[in-house]
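*Asks:* Protein chains in written order, with the working numbering: chain A, 283 to 657; chain B, 283 to 657; chain C, 283 to 657.
Treat the hints with care, since some could be wrong.
A pair holds if it fits inside one copy or across any two, identical chains being indistinguishable in the list.
Unchecked claim - The calculated DSBU-like cross-link candidates involving lysine-lysine, where the alpha carbons are at most 30 angstroms apart (straight line), are: (1) 608 to 380; (2) 341 to 417; (3) 527 to 341; (4) 527 to 366; (5) 649 to 564; (6) 340 to 545; (7) 341 to 517; (8) 649 to 366.
Simulated from the structure, these hints should not be mistaken for lab results.
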Amino acid sequence: MKYSAKILLLFVLSSSLMMCASPSRKAGEGIDVGFCISCHQERTPGLFQSWVESKHAKKGVHCITCHIDHQAATEQKAMVFPEKCGECHPEQLTQFWKGRHSIGFDRMQIQGEYLAIPQEIRSAFCERCHSIQNKCNSCHTSHRFSVKEARDPGACANCHLGPDHPHKEMYETSLHGTIYKLTQNPDRAPRCVTCHMPNGVHNSSFGIARGPAGTRSEAVDLKEVPISKEEVERKREEMIGICTKCHSRRFAKEQLENADQVKEEGFKLMERGKESIREIEKQGLLYPSVAERRPHPTEGRTLVLADPQLYVGTSHIERLFFTMFKFHTIRVWKSGYHFSPSYTHGHGWSEMQLDLIDINEEANKLKEIFREMKK
Amino acid sequence: MKYSAKILLLFVLSSSLMMCASPSRKAGEGIDVGFCISCHQERTPGLFQSWVESKHAKKGVHCITCHIDHQAATEQKAMVFPEKCGECHPEQLTQFWKGRHSIGFDRMQIQGEYLAIPQEIRSAFCERCHSIQNKCNSCHTSHRFSVKEARDPGACANCHLGPDHPHKEMYETSLHGTIYKLTQNPDRAPRCVTCHMPNGVHNSSFGIARGPAGTRSEAVDLKEVPISKEEVERKREEMIGICTKCHSRRFAKEQLENADQVKEEGFKLMERGKESIREIEKQGLLYPSVAERRPHPTEGRTLVLADPQLYVGTSHIERLFFTMFKFHTIRVWKSGYHFSPSYTHGHGWSEMQLDLIDINEEANKLKEIFREMKK
Amino acid sequence: MKYSAKILLLFVLSSSLMMCASPSRKAGEGIDVGFCISCHQERTPGLFQSWVESKHAKKGVHCITCHIDHQAATEQKAMVFPEKCGECHPEQLTQFWKGRHSIGFDRMQIQGEYLAIPQEIRSAFCERCHSIQNKCNSCHTSHRFSVKEARDPGACANCHLGPDHPHKEMYETSLHGTIYKLTQNPDRAPRCVTCHMPNGVHNSSFGIARGPAGTRSEAVDLKEVPISKEEVERKREEMIGICTKCHSRRFAKEQLENADQVKEEGFKLMERGKESIREIEKQGLLYPSVAERRPHPTEGRTLVLADPQLYVGTSHIERLFFTMFKFHTIRVWKSGYHFSPSYTHGHGWSEMQLDLIDINEEANKLKEIFREMKK
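Throw the hints in and build the complete structure from the sequences for me.
*Replies:* Here's what the structure looks like:
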């Protein structure tokens, strides 16, 4: 079907839709739905088509319901904030505010990495994902706003992937992910939302007692305040409650406790890397030294190992540690909980061991090469 | 169904097909279709089955239509060139000749990397993809020649992937790729052909003002001749024309201009890497020096940084730059245009910063270690 | 449908199933199927649902048929060994014993890498895959035991992936994998089982003349005993017999012989890496030296290059070789046979060349930095 024919069909379809949706046709500032559609079904046919197939269209939720009026849409660059969605979906909004997604943008803005780069680079990556704090269409993508799509692991994978948080990769290489991919049946194997947003709860921190930014071991709440041991245990029980749909309680508990151990072992390896570097610093052999380099945007002139360590302008030995901590340690322990042997080991544990070899040899070289010079 | 039973069924099916296709049954040098089929449906049942299900089979296009005769097929190793396909599909052939696919093999043959390796290695990788210049079945795979399959991102991904041109990976990790994967609906999100071969145009260079081999910033045509600023702008407008199916013109323009900025920032970082290495060369500290090593197949005894730099037999510091330029810079800017935050940042920008740390420290070490020796 | 409603439906379904399956209802030690189901369809509804949809359920194979009795299930952690499955599937079990899957756990237990790590780490990765020796549900996952799922490349990919054996990645980036992904039609393109378990044979070593652990070139049997040249040729013919379903015999033979050459070229590069390191060792420049480090769990105080080399506690130059041999060499040659240009080259050959540059420069640095000191 050619585009012109398609547009004609859409016009017919949308006319009937508008008739079905007539009670809501009149919108903010007296603008008729037809006002938007008369241009947009021709100028942005893809956008229009997605909306036409949405539950919104069927229920009479149209452009102006969310975008207020044409001028506001233009000035705000058409953004619609969660509070607007919450007018019709209040329960989901309240739950959303309890989870970590709701602080994504704020947390990004105080990160040293973010502060250290030009704005156009920030727009091209940091903000594309962290904007989840300010928009529901990160998961329920425009203008279809599909619940089915938002529940698919692909929706989560759009942000939860890559070197420093390969949740997508870990899940896809676990038996859970394998079976789900094969069967597309959420009763046969869990997908992300099964464990982290069970029964559609919009608090995505369900069942997880999260550590603070970095690698300290206490668990914290949304404001980074440590939570009680009882609360941690309650959250573990929440998670086990999900596992037991398919596994025995004993098995589930054992697996999660094994992951706790894997995490601890990973952190031990990481500490050995830190020790080597601290010793080198004490001997004045870091190049450039902390005093010689640009101060850290939030930590100033101190040696920062692990969060919020930067990937810019440090010494080679610190950069080796950055890779160890930021990419490999996280794979060891997060894959432990996501049951991906390939990511725990091949992309995690063995890489950490290789990192340690490199850090130790670099420390040794620095001693030989630069000790004389620095005297 | 057992194979023997299947072959029997195929025989019945193909007999009826041959009857339907009877006007074309007699082919080149008087050979009957049945001549091929009598052996090949038994000896190569998979090949036969693909053909039987093709539009070609339904239209009476059979073995000899394309392969001329049995002897020619054997001697030419059965290859069928685009000119042959163009006899029935002339418009597609003319368009194909306008795009970069049509110079893929020629360009490969003058590349230093290609010249530097044994023939069996060339066959096993370079030629598998670059042969697209000489065969339509790179995308329309044999012997089904499906249009539907050729339009799928998977068909493009067969070559456009991997460390130095991860188009597949960038697309799959963009919101475009995510939504297409979820919905399989090209009206909901673009796939490769939506932007690069819109409406089935076989010039795959649509909408792109391509830079020359390497990283210089002017745009060039198929013969590497610089094109005018107006032509570049015309091509940008072509692309925006695609974006506005779903996005506002302002948004589309802003996004592409932001990508332009990201590209520029990436190139700036790369230049800093080059500077470090050029200084080391001036000081005579490259090991092996350019004079000591095998001359570059096309550039001779000069320091080559960025295209056509080789990955063989250079110094360690140049190899660090090779990775920076060939793998990481390309991810920054190409992902900028493909809207993959993960590839622009996690696999690109942050890796470039880590590369710079390594290059600078290596430069420093070379100065300390080898200055004395070289005196 | 809410969970409570679903459970009710399952109860009705399972009641009817149990009636259909009545002749087998009474099981080991006189326990009725209902005994398990009365609890488990409520406590582990996902597990129950998978079983209910299985062929086992339809044929009256229930919990106790495999798990013997409730106490045994608890004590054995519910494991069911291949011998149990073989009671009903004897042919598959006999074939399974002929392939390498059947020695996976034994071989793992004598590996240096396995011996060098804590038990919880072993459980989290090594044993998850290598346990295939002891359980059929690695491929036919619980409790659906689907033949269709086990034949999908995804089932194999659950273990055959990652840095040191990226079979999944190589297949997916080959034209074979691309077409299968697009069409989901095993008559159009092969999947793993097409070549390695043709016609459902459970000997997964079909058609492959495997080298011993490491990189020596002779082919061996399951007990690592070298096999005759004739046997090797017979196995090559087995494989060509598969290829000719779609390709000419000449083409198939040529492609496999080209892969033989690619393998040889890859091994040659690797030998150059070994030579550099052996020379450094002779000169006493390895840090830590073999004498200073913890002895290798199976090889003692010798320099181990290639299998069974460890990734722990060696020198940096050996670690560079570890990556070259374990990750990159294997990609060159295995991708040669799996026809993935991206993995043979981008993730293999070019990485090996970069490794060689790094090894040579490191050797040079060690000579300069440590020669004086070691005197």
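*Asks:* Does each hint hold? Answer for all of them.
*Replies:* Status of each hint after checking the structure:
| no. | hint | result |
| --- | --- | --- |
| 1 | 608 to 380 | within (26 angstroms within a copy, 43 angstroms between copies) |
| 2 | 341 to 417 | within (21 angstroms within a copy, 51 angstroms between copies) |
| 3 | 527 to 341 | between (35 angstroms within a copy, 24 angstroms between copies) |
| 4 | 527 to 366 | between (36 angstroms within a copy, 25 angstroms between copies) |
| 5 | 649 to 564 | both (12 angstroms within a copy, 23 angstroms between copies) |
| 6 | 340 to 545 | neither (49 angstroms within a copy, 43 angstroms between copies) |
| 7 | 341 to 517 | neither (38 angstroms within a copy, 41 angstroms between copies) |
| 8 | 649 to 366 | neither (60 angstroms within a copy, 61 angstroms between copies) |
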